[in-house]
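Student: Following the hints, put chain B in place on chain A, whose structure we already have.
Here the protein sequences come in this chain order: A and B. Count the first sequence with the working numbering and you get residues -1 to 295, in order. Count the second sequence with the working numbering and you get residues 16 to 171, in order.
What the hints contain is simulated information worked out from the structure, not anything from laboratory work. All values reported here derive from a predicted model rather than from experimental measurement. Every residue, glycine too, gets a C-beta built ideally from N, C-alpha and C. Just to be clear, a hint being listed does not mean it is correct.
Said to hold, decoys possible - Taking CB as the label site, the calculated pair distances span:
#, chain 1, residue 1, chain 2, residue 2, range
1, B, 42, A, 19, 29 to 39 Å
2, A, 101, B, 43, 32 to 42 Å
3, A, 104, B, 103, 47 to 57 Å
4, B, 41, A, 249, 12 to 22 Å
5, A, 14, B, 31, 25 to 35 Å
Unchecked claim - Some but not every residue of chain A turned toward chain B, in silico, with C-beta under 7 Å:
#, residue
6, 13
7, 30
8, 37
9, 41
10, 109
11, 113
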Amino acid sequence: MLLAVIASLLLYFLDTQLDYFKPVRAALSTAVYPVQKIASFPDDVLRWSADLFQGHQQLREKIMTLEAQNLTNSVRMQKMQALESENMRLRELLGSSFRLQERVQVAELLSVDLDPFYQHVIIDKGEAFGVHEGQPVLDALGVMGQVAEVSQFSSRVVLLTDPSHSIPVQIVRNGLRAVVTGRGLGETLQMEFLPHNADVREGDLVITSGLGGRFPAGYPVGTITSVDFPQGKPFADIAVDPAAHLSTSREVMLVIPGEKIDFGVTYPLQAEDPESQEQSVEPEAVVEQDDMPAEST
Amino acid sequence: MVKSQHGSIIYLTLVIAILLMLVPLPDHLRYARPEWVAMTLIYWAMALPQRVSIGIAWITGLVMDIVTGGVLGIHAFAYALIVYLVGRLHLQIRQFPLWQQAIIILSLVSLVHFIVFANAPVRFSWSNWLTVLTSTLVWPIVYAVLRKIRRSFQVS
Chain A
-1 MLLAVIASLL LYFLDTQLDY FKPVRAALST AVYPVQKIAS FPDDVLRWSA
49 DLFQGHQQLR EKIMTLEAQN LTNSVRMQKM QALESENMRL RELLGSSFRL
99 QERVQVAELL SVDLDPFYQH VIIDKGEAFG VHEGQPVLDA LGVMGQVAEV
149 SQFSSRVVLL TDPSHSIPVQ IVRNGLRAVV TGRGLGETLQ MEFLPHNADV
199 REGDLVITSG LGGRFPAGYP VGTITSVDFP QGKPFADIAV DPAAHLSTSR
249 EVMLVIPGEK IDFGVTYPLQ AEDPESQEQS VEPEAVVEQD DMPAEST
Chain B
16 MVKSQHGSII YLTLVIAILL MLVPLPDHLR YARPEWVAMT LIYWAMALPQ
66 RVSIGIAWIT GLVMDIVTGG VLGIHAFAYA LIVYLVGRLH LQIRQFPLWQ
116 QAIIILSLVS LVHFIVFANA PVRFSWSNWL TVLTSTLVWP IVYAVLRKIR
166 RSFQVS
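For reference, chain A alone in the conformation it holds in the complex (with noise of 0.2 Å):
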């Protein structure tokens, strides 16, 4: 007994203390890999079968809506090349470098489920594709978290919600920089260290400032739904509802940093009106608003 409280102790603290621990537990990591392989399995083989057996309505149904979908975000996608090659224009006149866009990696979840008392998740890439430590994870819909720790064929992801987790965001309204930290399964995050007096309101929407350099810039994270000024305490109560779909996403893309896409075609500028084109705006044209006057001066 005395060995086994000994031997816990060490490894406690070779894991908690020290950062040269890291290569070993990844290399246990990927050892224990085909364990949690099999234990998504039952959870595969459901997802399967429902595909499967899904009705030829209901299938039929889902490609018109997917098709649908795709126009708009074709027809989307033509604008914002044309808006991209603009704005990298008007960013060369100022002398300011910015992305747009970065290149992303899709991985899938692992139907595994971790303590439940950290916000982690299994992603089936690795180090054998290049995942690194940091690494920011989204869904369709927004932020999911970042790469926690990365062993050969899987990576350990941090959700927003983990207790432990924070990043760095701006509210689109009105670009007032922030932190959102998680507050643990189920719940909401919570936008921190902002007094009294901030301009907060329900329904605004919080993207990654790119401040810090981890998350890059311009992507959704949640949208504001309650604000509270509690008596006595120096920080409002901020709760913020995250973008991504923490628990139902089974696609996630990991973003590459520092590359850009490449369109293929650049768009000569055009002297249009510029208010009609912000109309269909994604929330990286945003962001400029507030850093334009700051550079500019």
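Tutor: Showing chain B alone in chain A's frame:
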């Protein structure tokens, strides 16, 4: 007595228990997942204390730490501790009726849960402790199943 084969049954049940800890549950049931591994270890430590040593419990806990992504050494310590306690008390526990055993399980699982909980970055809430309750409730089933396995494979 073919020693290796009988031992492997114990390890097999432990692996199945670990898999049960990983199988996905809906979000609102995640805190209600019974502590399968702890219960399996308690059963074997109670029935065959000479076969399930603290070392096996410790290694099982280590595997749990790795697969669940927690800090290494936490589950290892917790499982080693309960197997040690059961090893000391196994003669009494075996004599208890099932409901008294369930109370022992309640306290042992609470102990495991407390050790894991104390190291987790979460605030206290009663829903976090549902697992202790569900573990106690399913103990009679685990007990019956594992006894059936032990008898039919004559693990000794």
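Student: Against each hint, give a clear statement of whether it holds in the structure.
Tutor: Right, here's what the structure says about each hint:
no., hint, verdict
1, B/42 to A/19: 29 to 39 Å, "32 Å, holds"
2, A/101 to B/43: 32 to 42 Å, "37 Å, holds"
3, A/104 to B/103: 47 to 57 Å, "53 Å, holds"
4, B/41 to A/249: 12 to 22 Å, "20 Å, holds"
5, A/14 to B/31: 25 to 35 Å, "30 Å, holds"
6, 13, "4 Å, holds"
7, 30, "5 Å, holds"
8, 37, "4 Å, holds"
9, 41, "5 Å, holds"
10, 109, "5 Å, holds"
11, 113, "4 Å, holds"
The structure shown violates none of the earlier numbered hints.
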